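Q: Generate coordinates for the entire structure from the input sequences, incorporating the hints supplied.
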Amino acid sequence: MPKLTIDGKTIEMPKGATILQAAQALGVYIPRYCYHPSLPVSGTCRMCVVEVEKTAKLQIACATEIADGMAVRTDTPAVKKARRDVLEYLLINHPVDCPICDQAGECFLQDYYMDHGLHKSRIAPGDKIRRSKRRAAGKYLTLDNERCILCTRCVRFCDEVTRTGELTVSGRNDASFIDMKEGKGVDNDYSLNIADICPVGAFTSRDFRFKARVWFLKKTGSICTGCAAGCNIEVHHNEGIVHRLMPAPNPETNTWLCDRGRMTYKVLRAGDRLSKARIKKGSMEPEPALRQAAHLIDDAAHRAGPESVAVLGSPYLSLEDNLAIAELASGSIKTGALCLDFSCEQGVKDGILINKDQTPNANGLKLLRARYGGLDQNALIGLINSGRIKLIVAEARALNSLREKLRDLSNIPTVILALAKSDLDFDSDCVLPYASYFETEGHFVNYKGRIQKTAAAVAAPEGVQPLWLVLSKISSYTGAPIKIEDTKAMSAKLSEYALGKSVIPAICKPGSIAAKSTRE
Amino acid sequence: MIEIKKVDNRPLNLLERLYIWEIFKGFLVTSGHFFRNLFNPKGLITVQYPEVKRPLEYAAKRRTRHRLKVRADGSPKCVACFLCATACPANCIHIEAAEYQANPVEKYPAVFDVDLARCVVCGMCVEACPEDAIAMDTEEIPGGALKREEMYLTREKLFRNLPGEPSLKGAANRLAQGGKGIGRG
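Line order of the protein sequences matches chains A and B. For the first sequence, numbering that gives the first Met the number 0 gives the first residue as 0, with consecutive numbering after it. For the second sequence, numbering that gives the first Met the number 0 gives the first residue as 0, with consecutive numbering after it.
These are calculated hints, taken from the structure and not from any lab test. What you are looking at is a predicted structure, and each value in this text was computed from that prediction instead of being measured. Treat each hint with caution, since some may be false.
As the list claims (entries may be wrong) - Capping the alpha-carbon separation at 27 angstroms, the derived lysine-lysine pairs in DSS-like fashion look like this:
| # | chain 1 | residue 1 | chain 2 | residue 2 |
| --- | --- | --- | --- | --- |
| 1 | B | Lys168 | A | Lys127 |
| 2 | A | Lys210 | B | Lys168 |
| 3 | A | Lys265 | A | Lys355 |
| 4 | A | Lys138 | A | Lys355 |
| 5 | A | Lys348 | A | Lys389 |
| 6 | B | Lys168 | A | Lys119 |
| 7 | A | Lys333 | A | Lys127 |
| 8 | A | Lys404 | A | Lys420 |
| 9 | B | Lys41 | B | Lys24 |
| 10 | A | Lys472 | A | Lys279 |
| 11 | B | Lys156 | A | Lys210 |
| 12 | A | Lys210 | A | Lys420 |
| 13 | A | Lys348 | A | Lys365 |
| 14 | A | Lys138 | A | Lys183 |
| 15 | B | Lys168 | A | Lys132 |
A: And the structure:
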């Protein structure tokens, strides 16, 4: 393997590595715009120039392969001057409209100007070349050509990652600009990654547009619950409001994050979100509504026997919540009509990230099913359709997924746990809210069997509790408590019943991995 | 040049130690002012603030109640960049940004509130503003309200141009001018 020195430090790297990769491994940061670790090298920006001994000119670190005995310096006056000059060149026609730019605060032009530039502009503002300002580029993106530095990260992303090729560089030399190909918008499933990788404010998110300034945002590492992929994410929030989701690259799960996953935070938005219980179409505080739910369960169990109460697990819920559901059925109500069978075909759908299984925790249900058993999905559907079930306790989306196969539900009373009003496409006399996985911790098992944990980034609406706590309280009101009253009891039960003691340490803590951001 | 006054620290004599005469001297001063103001109210030194306000002098003029400057078309110069709210040590500025559909400036503050009850009149918001949009030169002393709500300034209460304005300073001004592009793209 070739051995080289960078700024006096020696490192051995595999053949074919570039100077920039070697420097990264040594902890020497070389500024760059067009280089991105997950995209092919293009070498257009010239920001990463370094001095290599015995070469006539400065070399670009991102595209120069290492050789044995190479001596690289990144801190000589020539390199510093080159960086400064490149930066001045990139900023010649830049509009410097940072006050209205969403990238401000995480902009590589701002950062590098403070580190390497600090020059005065030699172009009067009136002499700068003007280009087109904001225009929509697909469903989720805004394109501002004036801010663009033509690093072509976005073009390479569409060509090499999504392979949809919507973007191109139009025009020649100093008149070139990023453009959408004839009749195409950037409408692939991963378009918002372009806003992340854009080092300047040329591509910004339409969803996040003007919502918050990035320097106010707090970051909490978590897990995306949009599908079975289990992508690691960063939840960006401020003052109890989630503003956006960003990928937290993890070689085990994801580099990017799909647009659908990024929009999963919308469930928290006021209006659609359930923050009060609904009993017989009237709004009620969540706490007293639990008594009503307990009464419904008690009533059905006494009148037609416990076997007449059907309890459904949900692949949309965490291990904790499903465990409480299973405990409620087998330990408290003592019914056999428990269904934990929601598995469907899994696997990466498009060769990038999105999974065929749109539920985040079907594999978690398999773990619980091994312990609690329960009916097959079809057996339960048969039972409900035969009319022997007098009450259904279920999470809204799980019940929705069975709706096609079920007969009319209007005659069967239900106790529904729901996050948002839009999840309810049927009438129910008892709807209880619960805390989403942006507001409470929960374990999920992705399609590879990796157990991961979401984190509580923001607080739940007042009175709204995690689902397992809701069920625990209901069970106490029915007089047969499941005895899981706090997080300590929950995690003890979880390690004992579902995970087994050996699996627990393998849980990855998202965000604790030295996750480099996709902006890199 | 600072004027130095030497304090006479001699011990009190007998008359002064009795205090009777000194108290009487004090009452003479107080009642002197009382009768002078009673018969000649125009000479009053006390200002009946906030009903009556005195013009400010010297440095006191430099930081007074805030105002938001407006462009010629009546739109705010502020583009809701949040730099004033970031710089504010008292956390008294609340902004909510919104997007113009047609105006080329793109961004404006749908809500811009200054809570004068919290404001410490430090002027950092004015220093931070890249748009020359906020100023503290109204020469009104912030506060001095009879109700708490009056201390809360909304966007509309803050809009004000002084004579000689609107000025063309500020980064987003060229967008407001609608300067057409030279280059393509």
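Q: Each hint should be assessed against the structure and marked as holding or not.
A: Structure-based check of all given hints:
no.	hint	in the structure
1	Lys168(B) x Lys127(A)	holds (17 angstroms)
2	Lys210(A) x Lys168(B)	holds (26 angstroms)
3	Lys265(A) x Lys355(A)	holds (22 angstroms)
4	Lys138(A) x Lys355(A)	holds (23 angstroms)
5	Lys348(A) x Lys389(A)	violated (39 angstroms)
6	Lys168(B) x Lys119(A)	holds (19 angstroms)
7	Lys333(A) x Lys127(A)	violated (76 angstroms)
8	Lys404(A) x Lys420(A)	holds (22 angstroms)
9	Lys41(B) x Lys24(B)	holds (26 angstroms)
10	Lys472(A) x Lys279(A)	holds (20 angstroms)
11	Lys156(B) x Lys210(A)	holds (24 angstroms)
12	Lys210(A) x Lys420(A)	holds (24 angstroms)
13	Lys348(A) x Lys365(A)	holds (21 angstroms)
14	Lys138(A) x Lys183(A)	holds (11 angstroms)
15	Lys168(B) x Lys132(A)	holds (20 angstroms)
Violated hints, listed in ascending order, are 5 and 7; each of the other numbered hints is respected by the structure.
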